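Undergrad: If you want the building blocks of each chain, they are given just below.
2 protein chains.
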Amino acid sequence: MIKIAIAGYGNLGKGVEKAIAQNPDMELVCVFTRRDPESLKPASGVPAVALAEMEAWKDKVDVVVLCGGSATDLPKQTPQIAAMFNVIDSFDTHANIPVHFAAVDQAAKEAGKVAMISVGWDPGMFSLNRLYAESILRDGSTYTFWGKGVSQGHSDAIRRIAGVKRGIQYTVPVPEAIESVRRGENPELTTRQKHTRECFVVAEEGADKAAIENSIKTMKNYFDEYDTTVHFISEEEFEANHRTLPHGGFVMRSGVTGEGTKQLIEYSLTLGSNPEFTSCVLVAYARAIARLAAEGETGARTVFDIAPKYLSPLSDEDLRAHLL
Amino acid sequence: MIKIAIAGYGNLGKGVEKAIAQNPDMELVCVFTRRDPESLKPASGVPAVALAEMEAWKDKVDVVVLCGGSATDLPKQTPQIAAMFNVIDSFDTHANIPVHFAAVDQAAKEAGKVAMISVGWDPGMFSLNRLYAESILRDGSTYTFWGKGVSQGHSDAIRRIAGVKRGIQYTVPVPEAIESVRRGENPELTTRQKHTRECFVVAEEGADKAAIENSIKTMKNYFDEYDTTVHFISEEEFEANHRTLPHGGFVMRSGVTGEGTKQLIEYSLTLGSNPEFTSCVLVAYARAIARLAAEGETGARTVFDIAPKYLSPLSDEDLRAHLL
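So the protein lines, in turn, are chains Z and W.
If you read the first sequence in my numbering, its first letter stands for residue 1, the second for the next number, and so on.
If you read the second sequence in my numbering, its first letter stands for residue 1, the second for the next number, and so on.
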């Protein structure tokens, strides 16, 4: 049995707990938390442990799955905890990956641990598909489209506007752009041509809806470069239709081989729950990390470094016989 | 520069030659052939060398890409040549992969070489996607659909029928089946419900077309379990519309996480040329094999065993900065 601990019990931590239950070769040992552990009752009945007490669990855990946020939690937590445990995180601030990797690599190497960063679907499965597709089709263009799905960052931005009681934002890929890529037209697409943004807002009683809509549509870095639609809805409709976190998207590479032969590779995800899917990817790679650690490896890793066989509970022989 | 040799100069060998030209870190050294080398002039101008003389090239080649057929060539050639060179093949008789792997593994280990088998898109990229998807979504169903594309085996079978001058067969996935999978219905699909077969035939002057059509539709193992359509066309139409080898298909995994949340992973290929695409996959993995050999590894490998980073000409740092 692979012994897993979770650090952080939000949407992602709860998703990891559920994903472990789907993997009979894994066992959840405990949940590390920043909160008062007395206040936390993990659904699976495992103990909640204060983050400050985690060192006492060093010999009882094979891999810690870090479920904190990329903005402030993981840049500190991942190197710190990699000094005690094999770890895996879903760090997703693309621009800061090289710095994060270096810090985590140093901590993990010094401690003789394996530490994997940026696991999920983007970065993660989408990154893998960009790498495979670009390695195969050398002459071509790669496109990543996100959605239709909830962007938590954009939803948070809406909710900070005065007069907004509740709000959610869906990122929607532009169908014409996807079809143009599929036809092998290798379009050059602006930000506006790739995605639209659709917002559903519950306004406070008596709020100025026109002002809210204008604040959203002109918001720098979030909405100003996109075609944005704002729908004002009732709280009942919000409750009924906007309480889940679907997401997904497409990685496409359109290339040319030989004398102008068109070739297209497409990978897509249609996710009923973004955090639950990310959790499943984390848990599959936690299996890989436990194995690499058992083989004596140390240091930081990304999805690019892990041979696919390490993700599966099947033996090499079974994989060759049944999945190849 | 990675020095590549090709063994076998049919559609696949010619595709590998073109793919190498798209990879500036690779160089084609020679083409090994069973034919009289005097009769063969590779398009790139490299020498043709008799297979019997290949040992003299041992120190001039990093990887030999084997481009023979799976039925009779590769079961003998891959172990034989792995005793002298690092090799890679596209062996695609799924049921015989374990036996082929064992024979190649033994030969390569004894010789201190790396030998990769079953590289292409199925087996190959489709296998990888089955493995990744099943490792992530543990509760679910996996579906592989092929086409629309030319099945060379079925086309050959048509051409063996008396009265058939020319013939080609397209495997076509059933759209309703794909849509049902996409809706998360987890259908149980019979052979007939997954694919149809569409044949285009040029009949000999005065041939009995009804007899030809009946022979095709009732042919055991090839057509009898499918809904098959037969179109008789003129030789001109055949020349104009049926001289390329398109193919492709879909690997889909529909799964459930948490409390009944639906999740869908889909990978698809739309290939203008099946052999040219397979060649590109072979060449990307030839890069990986050259690197693994340089690291001192030996023995047989499949796509499951190779960390993705080995396929790309980019450094680990560049991959993390630009593709993750």
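In case anyone wonders, no lab produced these hints; they're calculated from the structure.
From a predicted model like this one, the values you see are computed outputs, not experimental measurements.
Warning: the hint list may mix true and false statements.
Intra- or inter-copy, both count: the list cannot distinguish identical chains.
As a list, the in silico DSS-like pairs of lysine-lysine whose alpha-carbon atoms are at most 30 Å apart [what the hints assert, rightly or not]:
1. K194 with K209
2. K148 with K60
3. K3 with K209
4. K220 with K165
Undergrad: Check each numbered hint from earlier against the structure, then list the numbers of those it violates in ascending order.
TA: 2 and 3
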